[in-house]
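**Student:** Chain by chain, the residues run as shown.
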Amino acid sequence: MTPVLDLRNITKQFPGVLANDHINLTLEEGEIHALLGENGAGKSTLMNILYGLYSPDEGEIYIRGQRTQITGPTDAIRQGVGMVHQHFMLIPVLTVAENVMLGEETTKGLVLDRKQVASRIRELSQRHGLEVDPDAKIENLSVGVRQRVEIIKVLYRSANILILDEPTAVLTPQEADDLFGILRSLRDQGVSVIFISHKLREVLDLADRVTVIRRGRVVGEAKTEGASQAMLAELMVGRQVDLTVEKKPAHAAETVLSFENLKVLDNRLQLAVNGASLDVRAGEILGIAGVQGNGQTELVEALMGLRTVQNGTVHIAGQDVTNASPRTITECDVSHIPEDRQEDGLVLPFPVHDNLIINTYYRSPFSKGVIVNQQAIVDQADGLIQEFDIRTPSAAVPVSNLSGGNQQKVIVARELNRPIKLLVANQPTRGLDVGSIEFIHKQLVQKRDNGAAVLLVSAELDEIMGLADRIAVIFKGQFTAIVDADDVSKEQVGLMMAGNSLEEALANAPRPTTKERAIVT
Amino acid sequence: MAATTAPIASIGSYAARRERRKAIAYGVFFLLVALAIFFFFVRNSAPGMESTFKLNPTTKEKVIQLGDLVLPTYQTLLVLATVVGLLGLYQIMRGFKRVVLVLGLVALLFVFAFLVWAVRDKSINLLGILTFTVAAATPIAFGAMSGVMCERSGVVNIAIEGMMLTGAMVAVIVASISGNLWLGLAGAVLISGLLGVFLAILAIHFRVDQIIAGTAINIFALGITSFISQRFMQPNPALNSGGVFSKVAIPGLSQIPIIGPVFFNQSPIVYILFLTIIAIHFMLFYTRWGLRTRAVGEHPSAADTLGVNVFKIRYVNVIIGGMIAGVGGAYFTIGSVGRFDEAITAGKGFIGLAAMIFGRWNPFGAYGASLIFGFSDALQARLQVLGKTQVPIPSEWLLILPYLVTMIVLAGVVGKTVAPAADGKPYTKD
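Heads up: the protein sequence lines correspond to chains A and B, in order.
Residue 320 in the numbering used here sits at position 320 of the first sequence, and the numbers go up by one each step.
Heads up: take any position in the second sequence, counting from 1, add 1000, and you land on the numbering used here.
Just chain A, with the same shape it has in the complex (with noise of 0.2 angstroms):
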């Protein structure tokens, strides 16, 4: 049988990098194929060729047996190739049906005929299980829902080739597991899927056959059915990789940071953090687990002194720091890993050496007086990529060209690299791959064993079992339960974080086995 698609020794160079060398990739009818590599390695390049987003410098593409030229999106929408990208292409003012139909309106006379593709975007709803109000206004839904639009979106082009690239990274594992049911029925029905992706686990969980990239080449290719987390991560990878976290029991001592009754607003203006309490000691790590947008966010920013503590009181090492500046915190031998660290951990112009200074800038050797030292700069951030395993071209390159695994490094080399006495992470594995995740959780075990207090604030459910000593469950702003790891199991915390109470996820849920181990996905 002719593959739907086929990708015949897809090249393309970019300035300085190979990002697809001589990729080949067949798609069958009615599969989910997933393309596994780490960031960078190439996925997404080969995809937006697919797409007509990028022109390839050689290599053919065959849709259904035919050679076709996709120069732009319009050709792969006529050869029924849909793509819902990662960070999502809707339009936040307008409703569903306008963002739906915007290129391919359907018009009575001059006039959109918006019930018209109301009503079909109600058919392809029902007919797949995809619940969305086709007036609501995108603004309005939840990331979950936007997807589905996306989706809707591709399959009111009547697409049956669909690409979706690292379409969880921003769902809920609620929200995942829904948008996976959806893919299932697609491909039962006939449409074509190829999913990009880094999470090994997914990609098992999901795909019938998987294709993995390696620095733009294909490394391998398998059915999914007997397939190992392990095998797939040392062919992404190209070296073997540790999946569970090495550590020894935790060694808690003096409190470090402590805060009590702490009351935090939002931006707008709702009580996020609602009077949460809590205690981290030296020598273990304390992660807050729960679902995202439960306050996490505000209670580290209020920690940071980014943002008002409105009621309660912030102590770091016995000092009172609530309200205090960040570089106050700072001083209190404190680091802080930013949830998002495009926005708020770099500052993406800069080269690598000055986003490595950019908290201690004013102290010697850096600063004397009002000069700075250049040369201290560059001879510190050379010695820190050498430490830390930054790949970067030199150190003098804007951050912004360093991929996502490579920018966190320099923000955990910048953290780290000075003795702590608590380190504040917030998210900070969220879209990494397998080989920086690793890196990461090492550093962070490897502080803690130094005698520092860690706060990890976590979605991943897996991450923070994996990591935590202690587990703090937030809930609408508050601690559900503060419990040691060893005495629940990861379906008990993952009831606590839907919002039930300590005594109902422990009558509900299976107690923990032998000691769980997280495995990295």
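This list has only true hints and no planted wrong ones.
Just a sample of chain B residues kept apart from chain A, beta carbon distances all over 10 angstroms, derived: (1) F1040; (2) G1048; (3) V1100; (4) L1101; (5) L1108; (6) F1114; (7) G1179; (8) I1212; (9) S1241; (10) I1272; (11) R1382; (12) L1399.
Derived coverage of chain A by chain B (criterion: at least 3 residues anywhere in the stretch with Cβ under 8 angstroms from a Cβ of chain B; other residues may be distant): (13) 77-86; (14) 110-121.
Mimicking BS3-like on lysine-lysine, the simulated pairs with C-alpha atoms at most 25 angstroms apart in a straight line are: (15) A/K137 x B/K1425; (16) B/K1022 x A/K263; (17) B/K1312 x A/K108; (18) A/K248 x A/K421.
Simulated from the structure, these hints should not be mistaken for lab results.
Note that the Cβ used here is the ideal one computed from N, Cα and C, for glycine as well.
Following the hints, put chain B in place on chain A, whose structure we already have.
**Tutor:** Here is chain B on its own, set in the frame of chain A:
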């Protein structure tokens, strides 16, 4: 379970406390307005005075005649001060649901009080003020429509002023030479359209900073029109006498009391404005072109991935925007005074941009805002006519009024408005 039930009440109370403070601030402001009416107007008038507002056009036309509105000055002002005061008290104690509407009402009452006081023992033709308001609002509204066209597609057009200025000059020159006002209008549209092409090439193709590109066009327009005016038009008055479109009364509509003479006995250019506003509204919100325009102005890469040609949409919009500004420019010369003077547009293009923002990038909203600016223009003209004894404010200060209103509106009343998300950002495919 405490964790889920407790937060709700206190989340409410935090937000509520803030809302309450804001509500009280509004109420206090209303009370201050009431006091102002009392101290400035009531205390400076006496019982027995009368304020007369004429409601009939001065020209002799077939209009249903209305009686003059004669109000006892002192008593009317007292009532107005009391009403505003009561609104303030109610706002403080209970709070209005749609306080912005009440704010508008209070502003209206204050202006009315001011008028009642200014014409104490005199008479003023209210209809004349309103007719002049529509006329003064016209070039502002054309500027605003030009802005709506460009900015909805994501290109900031700060060059409207320069486009109008050039259009104003070309209109009068072409009309003078050809003797045909419509040709003059076409000339203005053409030249401003060309400036639109120029802006589009700079902003879209070369991705020049749009503010700088627009400013360059403004400076260029001011320079070239001043040069041509001094060098050719002043020595040669035949080039600067194109005549003026005469007013056209629309049969039927112009006979409606008040509205008729105000809106439907105007220059043909004013009617072109009405058609333009309706057309832009219809196109923007009901047609394929409008959907694509809004999409491109909000999120060009999303539109691009669906096969919409971002550059084409922006080019078309900016050029049409330029042409609209040209009509507005023509109004300054062949629409009202019939001759060109240096810098005749006097910043009306920028006020048009302010009207666009105040109107939240919507054609009808922008026209409403233009009318407010036009009204302040008309008011200052009439107040000067009334003389120093009636209104003891120096005429220079009165001239500031329209611009003062612009600043107050932009800074205070409008507050946070949301521009199209990609407004002013050049689009690059990557």
